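Novice: Take these sequences, add in the hints, and give me the full structure.
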Amino acid sequence: MNKQALTGVKVLEYAQFVAGPYCTKLLADLGAEVIKIEPPGAGDRSRNQGPFPNDIPHAEKSALFLYLNTNKLGVTLDTGIPTGKEIFHKLVENVDVLIDDNHPQQMRELGFDYATLRQINPRLVMTSIAPFGQNGPHTEYKACPLNLVHAGMLGYMTPWVSRWPDREPLQPGGMLGEYGAGLSAATATLAALYVQRMSGEGQHVDVSKQEAILALNRVNAPQFPNDGESDTRFVNLSGLLGDIVPCKDGHIVFQINETHHWKGFVQLIGNPEWARDPVYLDGAERGRRFQTEIRPRVIEWAKAYTKEDLYHKGQAANCPFAVVNSAEDIVNSEHLKSRGFFVDVDHPAAGKIKQPGAPFIMSETPWQVQSPAPLLGQHNEQVYCDRLGYDKHDLLTMRKAGII
Amino acid sequence: MLEYPLEGIRIVDFAWAWAGAQATSILALLGAEVIKIESMRRIDHSRVFSLTTGQWFDEPDSSVIFNDMNLGKMSANIDLSHPEGVDLVKKLVKISDVVVQNMRPGKIDGLGLGYDVLREIKPDIIMLSSSARGNTGPEREYIGYAPLFSAISGFAYISGYEDEDPVRLSGEIDLLSATSSAFAVLAALIHRQQTGEGQFIDLSSTEATSVFMGEVFMDYCMNGRIQTRHGNKDPFMAPHNVYRCKGEDKWVSIAVATDDEFKSLCQVIGHLEWATDERFADSFSRWHNQAELDKLIEIWTVNHTHTEVTQMLQEVGVAAAPSCNSEDIWNDPHLRDRGFWAEVDHPILGRKTVIDTVWKLSGTPLEVNRPAPLFGEHNQYVFGELLGLSDSEIEKLKKKKAIF
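Residue numbers (the working numbering), protein chains in the order written: chain V, 564 to 967; chain B, 1427 to 1830.
Hints listed in this document are in silico derivations from the structure and should not be mistaken for laboratory results. Only a predicted model underlies this, so the values are computations on that prediction, with no experimental measurement involved. Among the clues, some could well be false.
To be verified - When the alpha-carbon atoms are kept at most 25 Å apart in a straight line, the in silico SDA-like pairs for lysine to any residue are as follows:
(1) V:LYS705 - B:ARG1762
(2) B:LYS1659 - V:ARG608
(3) V:LYS573 - B:GLU1623
(4) B:LYS1721 - B:SER1711
(5) B:LYS1548 - B:PRO1564
(6) V:LYS705 - B:ILE1695
Specialist: Below you can see the structure in the form of structure tokens.
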């Protein structure tokens, strides 16, 4: 086993779906030992979400689950009954970090709140991820990913520079807000872990998904208190020069705000008469004329070329051009192949499936998948017998009683 | 116990614009001493101009965007193209822990400040390089901004209205990339703390974005399916959309997961009969007839404000939240109660409201306690106190424009 950045860090995950599991995946993929607790029977909710191979639902084959739970040990535990609670407390005793995404009230009722758990393990870093955080008037509010990206302003501002004046604000594709909240929680967790490594002291980290998403709008969010107005997704001030436009076989995006980029662009389109007008050498003026004079000409010009052609030619002309890539384009990207971005993960039930690998490349402590996502309860024996000292008969009894 | 997690950590910061600048600002908010290296020869463009809002600023210290992106840092003026400027940087690196930069790959090596050089000076240095496509591969020198990252990474393709072109995402992509960078540096710091070893981190902003949609790539790899745009829809839930409310451009998001929740929604609207209507009685029918259902719901929502709808639905356990703009966020009693806002006194801009650090750490509480630095504000501290240069030596370097 290669050394990794978080080798030796022990983590307990009591979380489901996307944000919490993504947070611990970030730690597990850097070498932390993560024990994931799932409810007996159904397991993590993402096991039912898919997508599934051939669209056939199967609790061990949901891509969302397989992606978010690499490198983790999986145990089942009914935390609602006394023995389950006791086992949970024993697990907490032996870890550095606990990640939970449960309702604050529910955690208190279970005896899993930080005040209780710190008695068991004073070194514990406990990161609680909740839709609206651990306290405040909206703590009890129910929220799905859709509600949170809209409560977090990201929805209201999308589509950014919208061309559709009467239409509704949008959630970004996929589950960006949930992943973002997971990353935010993981970052705060490492800060707290760093403190624990220095001083031996644990602490509670309160992460509100709404606030984690709002932090991504650090510039727009405080606009009202500062200026008395609120930007909208229709903002179109003079400096913005660029858009997504169609081309021969798809779409491209470009951003030609800066004058040296504009000059590269003029060469790229063959130095036509209209573009030679010196009025365009002024950035603000260029911006004012973008929608009426520049954008239509870019669309007309781009029609004749493929997206790949425009991407590489644009970049060769020192112009920020890019392809609007589909999943297919990205999986087949030569650039990503050369960097080894996608990795094949072989799973006992789902088989070999390609998935994104490292979010960044560390020279000395590489990101890696050492084991695929766990089957439901796959590591019960390893964790309960080898770590906590129960014997196999105990395990059998617990299984019969529905505890695990 | 430490007062702040990264107390005592010094970071030499060559990063500019958004993704890079915010990465080190996050680390500054965690308590690191971040020294931003900038010069009149190479001025951070967010001191001059905002790509996101299109604003231009009169002079380097009057940019509110720069303030939001660089909270908590110091600024020292060094011209990196001047040999004596390079020497100053080397002296500074010798007494620092981390270097962060986001120039085009290869550029910093050309300046004589590549990782190989810096490692000679400070063997356990951690260096993070953030770029559009990463430090290796055929597209390594390609340039980009957040809207381009959103396109190359795959997010633009899956974001937008079902019947329209893909849409760009912008600032949030930069700030997610920034968070990934901060996470990576923290992981490397933890590794260094345990082993004494530094390292080089290569972060591609497009890869760091693609990892937020792993399941979408897996769907392509397993099933050949190329996922596309679906507005605010969910693959299973309905109703699941954003609905027009009373007021101009005011919207509320509503997401219904179960039949019980649907019944509660119908009851609040005053059309309990919808719950038994064959078009809507179960989740399968609701999903297939959601366009019709959405219209019916909107007939009700338009007569109420988004906060009224939210309150009425949350009271009966239905997930709802406003699609917030800056004014909504400012008026949100929950966020205020949680201490979401902070104020900084900026010498030129005056008192500004900013988002405070969004993580609540019980043991080492964080706070935004100073604005972004004025251009060169900390020259005396950095060159005088840290590097021990006399006033006359500093004057000489200023005349030679190494300090510039």
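Novice: A separate judgement is required for each hint: does it hold in the structure or not?
Specialist: Hints and how they fare:
1. Between the alpha carbons of LYS705 of chain V and ARG1762 of chain B the distance comes to roughly 19 Å, so the proposed pair stays at or under 25 Å and holds.
2. As the CA atoms of LYS1659 of chain B and ARG608 of chain V are separated by approximately 19 Å, the hinted pair is consistent with the 25 Å bound.
3. Distance check on the hinted pair: LYS573 of chain V and GLU1623 of chain B sit about 21 Å apart at the alpha-carbon level, within 25 Å; holds.
4. Proximity of LYS1721 of chain B to SER1711 of chain B is assessed by CA-CA distance (about 15 Å); at most 25 Å being required, the pair is judged to hold.
5. Using a Cα cut-off of 25 Å, the hinted pair LYS1548 of chain B and PRO1564 of chain B is violated, with the two alpha carbons roughly 31 Å apart.
6. Proximity of LYS705 of chain V to ILE1695 of chain B is assessed by CA-CA distance (about 18 Å); at most 25 Å being required, the pair is judged to hold.
Hint 5 alone, counting from the list given before, is not met by this structure.
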